[in-house]
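Trainee: What follows is each chain in one-letter form.
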Amino acid sequence: MLKIENLAVNVDGRNILRTIRLEIRDGEVHALLGPNASGKSTLAYAIMGFPGYEISKGRIYFNGKEISGLPIEERVKLGLALAFQHPPMIKGVRLSSLLEKTSKRTLDVKRFPINPGLLERDINVGFSGGERKLSEIMQIINLDPSFVIFDELDAGVDVENLERLMSIIKEEMLDNGVSILLITHRGNILRYLRPDVAHVMLDGEIVCSSENWTRIWKTIVRYGYEKCKECKLPSSRP
Amino acid sequence: MRSVRSANYLQVDHEIRRIFTEKGIIIRPSREAYEDFRWTRDYFEQKPKEGYFIWFKKQIDYPLITCIAISSPKVSQEPMNLVVIEENVEAEINSVCYAVNKDLHGIHAGRSKIVLKENSRLKMKHFHKWGKGDTVRSSLEFSVGKGAKLSHTYKCVEVPSKLETETDTFLESHSSVNLETVVLAKCGDVYIQDSTFLNGKGSSGISRVRLIGDEESRIVAHSKMIANDVGIGHLDCMGLLLAGNSSINAIPELINRNRNASLTHEAFVGKISEENLNYLRSRGLTEAEAIDLIVTGFLGEEAPFILEGRVVPSKLHM
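So the protein sequences, as listed, match chains A and B.
My numbering applies: residue 1 is where the first sequence begins, and numbers increase by one.
My numbering applies: residue 1 is where the second sequence begins, and numbers increase by one.
Worth double-checking, as some hints may not be accurate.
Derived BS3-like pairs: lysine-lysine, alpha-carbon spacing no greater than 25 Å straight-line [to be verified]:
no.: 1; chain 1: B; residue 1: 113; chain 2: B; residue 2: 186
no.: 2; chain 1: B; residue 1: 57; chain 2: B; residue 2: 102
no.: 3; chain 1: A; residue 1: 101; chain 2: A; residue 2: 77
no.: 4; chain 1: B; residue 1: 149; chain 2: B; residue 2: 23
no.: 5; chain 1: A; residue 1: 101; chain 2: B; residue 2: 271
no.: 6; chain 1: A; residue 1: 91; chain 2: B; residue 2: 146
no.: 7; chain 1: A; residue 1: 91; chain 2: B; residue 2: 102
no.: 8; chain 1: B; residue 1: 146; chain 2: B; residue 2: 57
no.: 9; chain 1: B; residue 1: 49; chain 2: B; residue 2: 113
no.: 10; chain 1: A; residue 1: 110; chain 2: A; residue 2: 3
no.: 11; chain 1: B; residue 1: 271; chain 2: A; residue 2: 91
no.: 12; chain 1: A; residue 1: 77; chain 2: A; residue 2: 65
In short, the hints are calculated from the structure, not lab data.
Small disclaimer: the values here were computed from a predicted structure and weren't measured.
One chain only, chain B, in its complex shape (with noise of 0.2 Å):
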């Protein structure tokens, strides 16, 4: 379990209030990476406002931990990070995006690049939890060099009025991904895509996506999966309806360039089963402690950690 206080990079609103590096690691302002590694100005699109790099040159065995957090009102972000995996090396990441109170009406334009070199490991856990004035758009891309696998799990269970993701994986030969997004929203729009293109023979994918709709709620979750190489994709979409007045939107698209590729899809958007409830209500539970346990099994378990000197919870991390 590791404190955010000790976090690797901490950035709250523009600023930069600690830069923890470890041994064999480079951790650097994106702005300052720019300048003075060149070769990254490959992956960046500008030069950076803000936002991290980090460098994995050799494995360390524990998390490295990044925090992202809005803390004053009105705060517009634009953090650009770059990561990038030595081959070989195994990384492990928890990044953490945030608004510190419900009311600050910010706005985080995030967009990160993830560079995993031949044969390396990334294992990244990505959680947001954000006020219901916020505006987030986060853009995400890996690459995946060949050999390399790829583990990643997106989490947000405080959705901002607005929220909208965008991953894409491009994959080599042999290297594989399995991504997982796992979204609650409450009172929000969602819009989730991830594209996920097997461009390297021997190439997989797996996308999971879990979806909860909560009252007032609109989600809208679209998953490509395009092989143009001999690889295997699966989709994988389930979706809870909490309420009346929410919905979910899940749209999987399997796109296949190789008659040797294999892609499948499934998808499931509905309520909780009334067969579930009695069960669990023929333990003992409520109908609302019935639904709330099963919530949070289709959220997923994660290891509690602590965040400002609070431990988080397995299932609300962030």
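Chain A with its partners taken away, still in its complex shape (with noise of 0.2 Å):
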């Protein structure tokens, strides 16, 4: 589904990523772990074709088509969308007139936990944490992906949300076969979604993979990220 080969990206002239290699393939859920600043948004914004994030270096297969030069509007037609961690507020635009423009599928409203007075309001502006992520995932669900990145789905959101989001996930989105990336960098999340794979990142550099996402969990846990640069844990992926 995903291929990114040996990718280098800079931001304002900086290196942020050096030689990605990363696949997903289709209905995989991947965990993508690391520290503050070490790259995993980058990462998210590169794939997704954001300006600004320059890649000077390597190429992103989706489906067997580079899509290294697309822009973004093309990347989610093919199937790719984004849950951002911080989305911004747009005032003077509905949550229901965006969810009404972008329509790729019946959108079953009344699944989401939400006050229905939210799809009047002005997209984030005011939202809570909790409604931002429910938002966010309306959205993505609305646009039919058959591959979605969450940059940091948990953040802000309490325990009782969080079950709900990953309900809805899992019926609207692993049931169907859709692949995830997941950015995060807490173990809850991992525990619902239990990952096919989990990559560590830092500083630009994905330095672990491996499918035993608990031991790299732990290894984290109790010795920090920079321990994952030492440890190496088998893994059947190449």
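Assemble the dimeric complex from its two separately framed chains, guided by the hints.
Mentor: Shown next as structure tokens:
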């Protein structure tokens, strides 16, 4: 589904990502772990094709097609989607207007534990942390994607709301074979989504990848991210 | 939804095509009102040549619609309008001024006075749509009596080559005004001035200006809030520049002559944020579609209505 070959990315002339290799197959859930400013969100924006994230080396393929030079909206048409960590406020544009304009499938709004009035409010203006995340997930499901990046989905969400979000993601995405790249540095969400592969990113490089995400998580909790540089876990991945 | 074919006052060029009164409302040509109701001379600066007089003596539950159109080439209109709302009466007006075609090179110089008597209410929406060769000057004066409340929206998304609007609002004690001015300018010079005078104790005023500068446009927006008594006033001016060859000059001015009054303002003029554009593009919209959605939201929505047999969509009201 998604294949990244030797990707290097510059932002404002600074090299942020160095030689990233990553392959996510159909229906897989991958977790990308790493400390703040390690380059996780930069990778997400580069995959989506955001302006300012300049690919200096390497290629990104989606379903066998190279997408490295495509604009954001073309990548979205192919089936990629990103749920933002900090979605911006857009004054004057109601959530319902955006959902209507970008709909690729019928969205059962009643499934979402939201105040119906939220749909008629300006996007993210005055939304609570949980409401922002719910809004993100509604928008993403509305796009009917085949591959989704969740950037810090669990940040600012209480346990109860996180369980609800996970339940929706499971039914609407995982059960339908959607592939997921989950960017996080918290353990709870890993237990909910049980990734097929976990990766650790440090200083713009993926230093460890393994199917044994529990081992990775335990190592991080016990010794910190730096330990991942020297602890080589076995992986069947190329 | 009302049709302008059934407008309460319809003037095309200099001809009054229709006057349709409602129970409890008097609607007359201004020049007749000037003759028949001598008290109106307190409000008309001179004998009007054209325009309407509307006197709300009782409340009606739907908006009155007035429409003044330019339909022939090189017409020069000078409508003088007077609206009076009696004490404790609630009123609503949708007012439309426009050029039927884009190449008529007309002049529209409108002057309106609106008088809200004690504890009355008025919700007024004023829509303009002009051709590129037209010249438009619009002057509006609101006199808001004790305890009265005024909500006024002016919207023009198709500007003439030159547009000047001037709005003066005088507030008595415990009265309030909420002014909203929305202009999308493309290939035109726009000068907007609004002045709100807090003349009575406990009066309050808000003036919001939303400006969009598209290609080859120059906009100057000068908003004044003047406190002559204890009141609260706020100016809010937001401008979006869509083109490199456009400019917006926003001038908020606060004049406080009473130390217990409180006046504030906020202003922003800039381009659409890249972050917002990228966010909307990540939902599958092209850059042009994302800009359109933001601009449409910026202009604000109104309920649609029918003009000359056509539904006018919410965003492009005249």
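Trainee: Evaluate each hint against the coordinates.
Mentor: Structure-based check of each hint:
no., hint, in the structure
1, B:113 - B:186, "violated, 29 Å"
2, B:57 - B:102, "violated, 38 Å"
3, A:101 - A:77, "holds, 14 Å"
4, B:149 - B:23, "holds, 23 Å"
5, A:101 - B:271, "holds, 23 Å"
6, A:91 - B:146, "violated, 34 Å"
7, A:91 - B:102, "violated, 32 Å"
8, B:146 - B:57, "holds, 17 Å"
9, B:49 - B:113, "holds, 15 Å"
10, A:110 - A:3, "violated, 36 Å"
11, B:271 - A:91, "holds, 14 Å"
12, A:77 - A:65, "holds, 13 Å"
When held up to the earlier numbered hints, the structure conflicts with 1, 2, 6, 7 and 10 and fits the remainder.
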